[in-house]
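A.B. asks: Kindly produce the complete structure, drawing on both the sequences and the hints.
Residue numbers (our numbering), protein chains in the order written: chain H, 1 to 94; chain E, 1 to 138.
Note that these hints are calculated values from the structure, not bench results.
Take these hints with a grain of salt, some might be off.
[Said to hold, decoys possible] Result set (BS3-like, lysine-lysine): computed pairs, CA atoms no more than 27 Å apart in a straight line: (1) E/K3 to H/K16; (2) H/K16 to H/K3; (3) E/K112 to E/K133; (4) E/K113 to E/K3; (5) H/K43 to H/K16; (6) E/K98 to E/K133; (7) H/K43 to H/K3; (8) E/K98 to E/K3; (9) E/K40 to H/K16; (10) E/K113 to E/K133; (11) H/K51 to E/K98; (12) E/K3 to E/K133; (13) H/K43 to E/K133; (14) H/K70 to E/K40; (15) H/K43 to E/K98; (16) H/K51 to H/K70; (17) E/K112 to E/K40; (18) E/K133 to E/K40.
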Amino acid sequence: MAKILIPTPLRQYTGKSDSVMVAGATIGEALGALTTQHADLRKQLYNDEGKLRSFVNVYLNDEDIRYLAKDATPVADTDIISIVPSIAGGRYGD
Amino acid sequence: MIKIEPDAWQVMLAHARSAFPNECCGAMLGSSDGDTKSVKVAVPLENAFEGSQAARYDIRPEDLLAADREARRQGLDLIGIFHSHPDCDAYFSETDLKNSCPWYSFVVLSIKKGEFDHAASFLPDFEQSAAAKEELVY
Numbered sequence: 001m002a003k004i005l006i007p008t009p010l011r012q013y014t015g016k017s018d019s020v021m022v023a024g025a026t027i028g029e030a031l032g033a034l035t036t037q038h039a040d041l042r043k044q045l046y047n048d049e050g051k052l053r054s055f056v057n058v059y060l061n062d063e064d065i066r067y068l069a070k071d072a073t074p075v076a077d078t079d080i081i082s083i084v085p086s087i088a089g090g091r092y093g094d
Numbered sequence: 001m002i003k004i005e006p007d008a009w010q011v012m013l014a015h016a017r018s019a020f021p022n023e024c025c026g027a028m029l030g031s032s033d034g035d036t037k038s039v040k041v042a043v044p045l046e047n048a049f050e051g052s053q054a055a056r057y058d059i060r061p062e063d064l065l066a067a068d069r070e071a072r073r074q075g076l077d078l079i080g081i082f083h084s085h086p087d088c089d090a091y092f093s094e095t096d097l098k099n100s101c102p103w104y105s106f107v108v109l110s111i112k113k114g115e116f117d118h119a120a121s122f123l124p125d126f127e128q129s130a131a132a133k134e135e136l137v138y
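C.D. replies: Now the structure itself:
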């Protein structure tokens, strides 16, 4: 089973656990298992179309899955999956 | 309410001053107890925006991942993000809002003529359409 590290503000949806062990052969399956175990996380991570929210990045160990095979990225038992926000800004509007 | 401990605040001020006239950015590590957050460590991060950084900042996700790992190592939590507005007030701009994440507090430092002027903290919503002001103590 792979380990998913849970960001602090989302631990209220995982019974305060800072990580969750999940089964799944791919990132998509692992995140699916996570949001099945902890249903309230789904709204935090996915939009109404079922896509990861724009501010959510997923890393497999040290690699952004967008540069791997996205949801189809294979996951091994020793892997660590991280949920990392995308953050930017600036003093003026666009 | 978010309270920034003196050592962390000094790190944030120094980072904002040294980046002037560009925007700085960084992570805030600490702990939360209900609606009360305490920032114990500030981690300056590199502004990765490609272009003029006088009015923009961008945090590399891998830098934020490293900050989160450092927080875990120290028994702390990643609880917020800070950045500066050079020669501009500490409000939450449209650009800040559209590139925000609702999970964290966002502290903005106003740096005018190279010196700290004032600061404010914001809690953006899910739709990235509004940000409530949060009481800030430093």
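A.B. asks: Work down the list of hints and note, for each, if the structure agrees.
C.D. replies: Status of each hint after checking the structure:
1. This hinted pair checks out: E/K3 and H/K16 have alpha carbons roughly 22 Å apart, not beyond 27 Å.
2. This hinted pair checks out: H/K16 and H/K3 have alpha carbons roughly 15 Å apart, not beyond 27 Å.
3. Our distance criterion of 27 Å between C-alpha atoms is met by E/K112 and E/K133, whose separation comes to about 21 Å.
4. Taking the CA atoms of E/K113 and E/K3, the gap is about 26 Å. The hint holds against a cut of 27 Å.
5. Straight-line distance between C-alpha atoms of H/K43 and H/K16 comes to about 17 Å, which keeps the hinted pair within the 27 Å bound.
6. As the CA atoms of E/K98 and E/K133 are separated by approximately 16 Å, the hinted pair is consistent with the 27 Å bound.
7. Annotation: proposed proximity of H/K43 to H/K3 holds, straight-line Cα distance about 20 Å (limit 27 Å).
8. Of the pairs offered as hints, the one joining E/K98 and E/K3 holds, with about 25 Å between alpha carbons and a cut-off of 27 Å not exceeded.
9. Distance check on the hinted pair: E/K40 and H/K16 sit about 21 Å apart at the alpha-carbon level, within 27 Å; holds.
10. Of the pairs offered as hints, the one joining E/K113 and E/K133 holds, with about 25 Å between alpha carbons and a cut-off of 27 Å not exceeded.
11. In summary, the hint linking H/K51 to E/K98 is supported, as the alpha carbons are separated by about 18 Å, within the 27 Å threshold.
12. Distance restraint check for E/K3 and E/K133: the Cα-Cα separation of roughly 14 Å lies within the 27 Å cut-off, and the hinted pair is therefore satisfied.
13. For the hint linking H/K43 to E/K133, the alpha-carbon distance of about 23 Å falls within 27 Å, and the restraint holds.
14. Only pairs whose Cα atoms come within 27 Å are accepted, and H/K70 paired with E/K40 is rejected, the gap being roughly 35 Å.
15. The suggested pairing of H/K43 with E/K98 holds, with an alpha-carbon distance near 18 Å, which does not exceed 27 Å.
16. Distance check on the hinted pair: H/K51 and H/K70 sit about 12 Å apart at the alpha-carbon level, within 27 Å; holds.
17. A distance of roughly 25 Å separates the Cα atoms of E/K112 and E/K40; the hinted pair therefore holds under the 27 Å criterion.
18. Distance check on the hinted pair: E/K133 and E/K40 sit about 21 Å apart at the alpha-carbon level, within 27 Å; holds.
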